[in-house]
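Residue numbers (the numbering used here), protein chains in the order written: chain A, 1 to 113; chain B, 1001 to 1110.
These are calculated hints, taken from the structure and not from any lab test. For glycine and all other residues, C-beta sits at the position ideal for the given N, C-alpha and C. A couple of the hints might just be wrong.
[As the list claims (entries may be wrong)] Here are the in silico distance ranges between beta carbons for each label pair:
1) A:Leu30 to B:Lys1057: 45 to 51 Å
2) A:Lys83 to B:His1075: 39 to 45 Å
3) A:Gly16 to B:Arg1060: 18 to 24 Å
4) A:Glu1 to B:Glu1005: 30 to 36 Å
[Said to hold, decoys possible] Below, in silico cross-link-like pairs of lysine-lysine (DSS-like), each with a Cα-Cα straight-line distance of 27 Å or less:
5) A:Lys83 to B:Lys1102
6) A:Lys57 to B:Lys1102
7) B:Lys1070 to A:Lys42
8) B:Lys1070 to B:Lys1102
9) B:Lys1102 to A:Lys78
10) B:Lys1102 to A:Lys42
11) A:Lys78 to B:Lys1070
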Amino acid sequence: EPEVTQTPSHQVTQMGQEVILRCVPISNHLYFYWYRQILGQKVEFLVSFYNNEISEKSEIFDDQFSVERPDGSNFTLKIRSTKLEDSAMYFCASSPGTGYGYTFGSGTRLTVV
Amino acid sequence: TQLLEQSPQFLSIQEGENLTVYCNSSSVFSSLQWYRQEPGEGPVLLVTVVTGGEVKKLKRLTFQFGDARKDSSLHITAAQTGDTGLYLCAGVSGNTPLVFGKGTRLSVIA
């Protein structure tokens, strides 16, 4: 069964450093998403991406965050200058269209120290 | 902001028992989705319901979407230890991205 692949599975970084989280969505899906889940809290929407541009973003997705689809297969989330409160599980997801269920990756556990 | 309230937050039952968990909102959704999440993993889609009053069955799991498309329920018959996990409901309204509830953490004891 097709799956969404995320790398790395774990990332530890120092506060103020830049991190790039990588995702390979399902190949024939058109919509791509990043969500995060702080330990013990609910899954929160960050950003959606369609037709090579951001279609929607949440309040969490401030100027420190950016997304890219550099080569037609990878979908990346960059955090420019990490803060302690960015520590969370980051999930990438894709869907074939609106109204369809999402397929999530296994996540990247980001720890900012 | 669309909010989804899930209840109960925690549920611990004996193997073989039946259970129902609920997902409620004051907002109308074009579809509601149920996911199951294991520790350290991403949510896995169980079902999508789109029509008010719709009922879908997945083996021992029965999902219902409320007539007004504001609420949903998940009923598990004869729970098994393998059903243990975090059950999340999530809603979509129009073209807005999926919004999640906090989940119901189910523990099925042998």
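**Prompt:** Keeping to a limit of 27 Å between CA atoms, is the pair of A:Lys78 and B:Lys1070 held or broken?
**Reply:** 35 Å, violated
**27 Å Cα cutoff - pair A:Lys57, B:Lys1102** = Status holds; Cα separation ~20 Å.
**Asked** Between B:Lys1070 and A:Lys42, does the CA-CA distance stay at or below 27 Å?
**Response** 19 Å, holds
**Request:** Just tell me: holds or violated, for the beta carbon distance of A:Gly16 and B:Arg1060 against 18 to 24 Å?
**Result:** At 50 Å between Cβs, range violated.
**Prompt:** Taking only the CA atoms, is the gap from B:Lys1102 to A:Lys78 under or equal to 27 Å?
**Reply:** 26 Å, holds
**Prompt:** Is 45 to 51 Å right for how far apart the beta carbons of A:Leu30 and B:Lys1057 are?
**Reply:** Since A:Leu30 and B:Lys1057 have Cβ atoms about 29 Å apart, the given range 45 to 51 Å is violated.
**Message:** Just to be careful, I want the Cα atoms of B:Lys1102 and A:Lys42 compared with a cutoff of 27 Å; is the pair within it?
**Reply:** Judged against 27 Å, a Cα distance of about 5 Å means the pair holds.
**Message:** Quick check on a hinted range of 30 to 36 Å for A:Glu1 and B:Glu1005, using CB atoms only.
**Reply:** 32 Å, holds
**Asked** Taking the beta carbons of A:Lys83 and B:His1075, is their distance inside 39 to 45 Å?
**Response** For A:Lys83 and B:His1075 the Cβ distance comes to about 42 Å; the hint holds.
**Straight-line alpha-carbon gap B:Lys1070 to B:Lys1102, limit 27 Å** = It holds: about 16 Å lies between the C-alpha atoms, which stays within 27 Å.
**Message:** For A:Lys83 and B:Lys1102, compute the direct alpha-carbon distance and say whether it is at most 27 Å.
**Reply:** With a Cα-Cα distance of about 24 Å, the restraint between A:Lys83 and B:Lys1102 holds, given a limit of 27 Å.
Checked against the numbered hints listed earlier, the structure breaks hints 1, 3 and 11; every other hint is satisfied.
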